[in-house]
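Student: Go ahead and model the full structure; you've got the sequences and the hints to work with.
As you go down the protein sequences, you meet chains X and P in turn.
Take the first sequence: its position 110, counted from the start at 1, is 110 in this note's numbering, and no numbers get skipped.
If you want this note's numbering, it's the 1-based position in the second sequence plus 1000.
Please keep in mind that the hints were generated in silico from the structure rather than gathered at the bench.
Keep in mind the model is a prediction, meaning the values are calculated, not measured.
Do not take every clue at face value.
Said to hold, decoys possible - Cross-link-like lysine to aspartate or glutamate pairs, in silico, DMTMM-like; alpha carbons within 25 angstroms at most:
hint	chain 1	residue 1	chain 2	residue 2
1	P	K1114	X	E112
2	P	K1053	P	E1094
3	P	K1114	X	D71
4	P	K1095	P	E1035
5	X	K158	P	E1025
6	P	K1065	P	E1097
7	P	K1096	P	E1142
8	P	K1143	X	E190
9	X	K3	P	E1142
10	X	K158	P	E1144
11	X	K245	X	D217
12	P	K1137	X	E112
13	X	K192	P	E1037
14	P	K1143	X	D217
15	P	K1095	P	E1120
16	P	K1143	X	D10
17	P	K1056	P	D1020
18	P	K1095	P	E1142
19	X	K84	P	E1142
20	X	K13	X	D297
21	X	K15	P	E1142
22	X	K79	P	E1120
23	X	K141	X	E27
24	X	K158	X	E112
25	X	K158	P	D1130
26	X	K201	P	E1144
27	X	K183	P	E1144
28	X	K192	P	E1149
29	X	K196	P	E1097
30	P	K1143	X	E197
31	P	K1143	X	D95
Claimed, not checked - If you anchor each label on the Cβ, the simulated ranges turn out as follows:
hint	chain 1	residue 1	chain 2	residue 2	range
32	P	K1056	X	S12	53 to 59 angstroms
33	P	S1032	X	E81	43 to 49 angstroms
34	P	N1081	X	K15	39 to 45 angstroms
35	X	V113	P	G1040	30 to 36 angstroms
36	P	G1106	X	T2	22 to 28 angstroms
37	P	K1151	X	L232	30 to 36 angstroms
38	X	H172	P	K1056	54 to 60 angstroms
Positions of the beta carbon are idealized from the N, C-alpha and C atoms, including for glycine.
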Amino acid sequence: MTKSFVTIADLSKEKIMSLLEAASRFEAMPNRKTLDGRVIATLFFEPSTRTRLSFETAVNRLGGRVIGFSDAATSSSSKGESLKDTIMMVSNYADLIVMRHHLEGAARYASEVSPVPIINAGDGANQHPSQTMLDLYSIYKTQGTLENLNIYLVGDLKYGRTVHSLLMAMRHFNPQFHFIAPKELAMPNEYKLYCKEHSIKYVEHTDFTEEVISDADILYMTRVQRERFTDLMEYERVKDVYILKADMLQGTRDNLRILHPLPRVNEIAYDVDESPKAYYFQQAKNGLYVREALICDCLGIEV
Amino acid sequence: MKNNKTELLVAALENGTVIDHIPSELVFTIASLLELEKLGSSVTIGYNLHSSKLGKKGIIKVADKYFSDEEISRLSVVAPNVVLNIIRDFDVVEKKEVIIPDELCGIVRCGNPKCITNNEPMPTYFHVVDKTAGTLKCHYCEKEQNKSEVKLV
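Tutor: Spelled out as structure tokens, the structure:
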């Protein structure tokens, strides 16, 4: 059984912490020859430039080589080849496969048929665990701990898979969550149930104001997308409510950091970028160190 | 012999299994779930028989065959209330009820059209997370669904 990285759900607290420690060692020294002579495949059945560049940079900075494709249109799956056949073929060449797929469960299935480890770089609306790991790393790095934090999730909490995965990963660390969303995009019941089952505290808000966020350690912003609304009147009414502006940060804690999975559209005003509390660009950079750690972990390489 | 005609349509089994209390509309579904078409021994299928409990019921008699727990568990999604009578030497020696298993492999289809199992030639696989409520969780796309919503493969 090879060691794949498919979901955040079954990672233990110890495993999460050891991956974060490894990531911080890579941050101290990101360029190494750890993957010298290794070939890593990046199979992007669905395009995602940001994630692919991050993984490929991680491989390159560790001295490995990359093969793969960035779009299913240029792969044999456009000729009707099954996922299994593509994985079997590529595993002849590569030591590890990083894959992104539009179908949910694709990475789990690939990990069951593949003789080499699989890293899930996103499978439809299901999981995107390397994103969650970089979110955790960003929180850990900026707050010095993952324990007992006030975490505010803002925007689209219904479809935003990054907030769902973050919620599940934080269950080990006694967080206090605040869910700030319009009614149409509120946190789904199954996740509120998950919170109850795991004794995760949460409060729900529909207002997004300076007062509401005054106790926040982490403000995790997401995009409110027009196409998510069945009622466009409702969209027009709420579209400007969930926008973070610099003047809202005045009464907030000094240790507050603002995260966003990117790309942002207008949910964080540009004047926030100048604030020392803005952390979303560094957050994306952290993805590199986390992915270096994940690749080495899957290959069984100690760092 | 004349008055016997209305009663005994089918001869009693010496050894084998009698599946009783099948809602009529499920008779052929059950026959296919148990893969009866692959058996070599004699199989008798009764359909639309009179039943005081169900109105109309079905009954399946399978000679010289005892189903494994795994085979029986396949019936749990569609027909949780059927009873299997185990016959040895013309006597009912055991009545087996259908128990929903912890896992369902290749029995029902995932309701999520974007699930890999609906797009790739592969068997489905569910974890039964709540037996009383009948909540299933797809092993692949991780979507929870109720057994009343899912379709057989």
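Student: Next step is simple, just say for each hint if it's right about the structure.
Tutor: Now the hints, each set against the structure:
A C-alpha spacing of about 19 angstroms is found between K1114 of chain P and E112 of chain X, which places the hinted pair at or below 25 angstroms, so the restraint holds. Using a Cα cut-off of 25 angstroms, the hinted pair K1053 of chain P and E1094 of chain P holds, with the two alpha carbons roughly 21 angstroms apart. Taking the CA atoms of K1114 of chain P and D71 of chain X, the gap is near 18 angstroms; set against the 25 angstroms cutoff, the hint holds. With a C-alpha separation of about 21 angstroms, the suggested pairing of K1095 of chain P with E1035 of chain P holds against the 25 angstroms cut-off.
Among the hinted pairs, K158 of chain X with E1025 of chain P is inconsistent with the structure: their alpha-carbon atoms are about 40 angstroms apart, more than 25 angstroms. Simply put, K1065 of chain P and E1097 of chain P have alpha-carbon atoms about 16 angstroms apart, close enough for the 25 angstroms limit, and the pair holds. With a C-alpha separation of about 32 angstroms, the suggested pair K1096 of chain P and E1142 of chain P falls outside the 25 angstroms cut-off, and the hint is violated. With a C-alpha separation of about 10 angstroms, the suggested pairing of K1143 of chain P with E190 of chain X holds against the 25 angstroms cut-off.
For the hint linking K3 of chain X to E1142 of chain P, the alpha-carbon distance of about 20 angstroms falls within 25 angstroms, and the restraint holds. A hinted pair counts as satisfied when its Cα atoms are at most 25 angstroms apart, and K158 of chain X with E1144 of chain P qualifies at roughly 16 angstroms. Between K245 of chain X and D217 of chain X, the direct Cα distance comes to roughly 17 angstroms. Compliance with the 25 angstroms bound is thereby established for this hinted pair. Between the alpha carbons of K1137 of chain P and E112 of chain X the distance comes to roughly 18 angstroms, so the proposed pair stays at or under 25 angstroms and holds.
A threshold of 25 angstroms between alpha carbons decides the hint, and for K192 of chain X with E1037 of chain P the separation of about 47 angstroms lies outside it, so the pair is violated. Proximity of K1143 of chain P to D217 of chain X is assessed by CA-CA distance (about 31 angstroms); at most 25 angstroms being required, the pair is judged violated. For the proposed pair K1095 of chain P and E1120 of chain P, the alpha carbon gap of about 39 angstroms is over 25 angstroms, so the pair is violated. A C-alpha spacing of about 16 angstroms is found between K1143 of chain P and D10 of chain X, which places the hinted pair at or below 25 angstroms, so the restraint holds.
Between K1056 of chain P and D1020 of chain P, the direct Cα distance comes to roughly 12 angstroms. Compliance with the 25 angstroms bound is thereby established for this hinted pair. Under the criterion of a C-alpha separation no larger than 25 angstroms, the hint pairing K1095 of chain P with E1142 of chain P is inconsistent with the structure, at around 35 angstroms. For the suggested pair K84 of chain X and E1142 of chain P, the alpha carbons sit about 19 angstroms apart, so the restraint of at most 25 angstroms is met. Distance hint between K13 of chain X and D297 of chain X is fulfilled; the C-alpha atoms sit about 16 angstroms from each other, no more than 25 angstroms.
For the suggested pair K15 of chain X and E1142 of chain P, the alpha carbons sit about 22 angstroms apart, so the restraint of at most 25 angstroms is met. Taking the CA atoms of K79 of chain X and E1120 of chain P, the gap is about 14 angstroms. The hint holds against a cut of 25 angstroms. For the suggested pair K141 of chain X and E27 of chain X, the alpha carbons sit about 11 angstroms apart, so the restraint of at most 25 angstroms is met. Only pairs whose Cα atoms come within 25 angstroms are accepted, and K158 of chain X paired with E112 of chain X is rejected, the gap being roughly 30 angstroms.
With a C-alpha separation of about 24 angstroms, the suggested pairing of K158 of chain X with D1130 of chain P holds against the 25 angstroms cut-off. Distance check on the hinted pair: K201 of chain X and E1144 of chain P sit about 23 angstroms apart at the alpha-carbon level, within 25 angstroms; holds. Using a Cα cut-off of 25 angstroms, the hinted pair K183 of chain X and E1144 of chain P holds, with the two alpha carbons roughly 23 angstroms apart. Our distance criterion of 25 angstroms between C-alpha atoms is met by K192 of chain X and E1149 of chain P, whose separation comes to about 23 angstroms.
Between K196 of chain X and E1097 of chain P the CA atoms are separated by roughly 35 angstroms; this puts the pair beyond 25 angstroms, and the hint is violated. Of the supplied pair hints, the one linking K1143 of chain P and E197 of chain X holds, its CA atoms being roughly 17 angstroms apart against a limit of 25 angstroms. At roughly 31 angstroms between alpha-carbon atoms, K1143 of chain P and D95 of chain X are farther apart than 25 angstroms, so this suggested pair is violated. A hinted range of 53 to 59 angstroms for the beta carbons of K1056 of chain P and S12 of chain X is consistent with their spacing of about 54 angstroms.
The hinted range of 43 to 49 angstroms is not satisfied by S1032 of chain P and E81 of chain X, whose Cβ atoms lie roughly 31 angstroms apart. Taking the beta carbon of each, N1081 of chain P and K15 of chain X are about 44 angstroms apart, inside 39 to 45 angstroms as hinted. For V113 of chain X and G1040 of chain P, the Cβ-Cβ distance of about 34 angstroms falls inside the hinted range of 30 to 36 angstroms, so the restraint holds. Distance hint for G1106 of chain P and T2 of chain X: a CB-CB separation of about 24 angstroms, consistent with the stated range 22 to 28 angstroms.
Distance hint check: the CB atoms of K1151 of chain P and L232 of chain X are about 34 angstroms apart, consistent with the given range 30 to 36 angstroms. One distance hint, 54 to 60 angstroms for the beta-carbon pair H172 of chain X and K1056 of chain P, holds here, with the actual separation near 55 angstroms.
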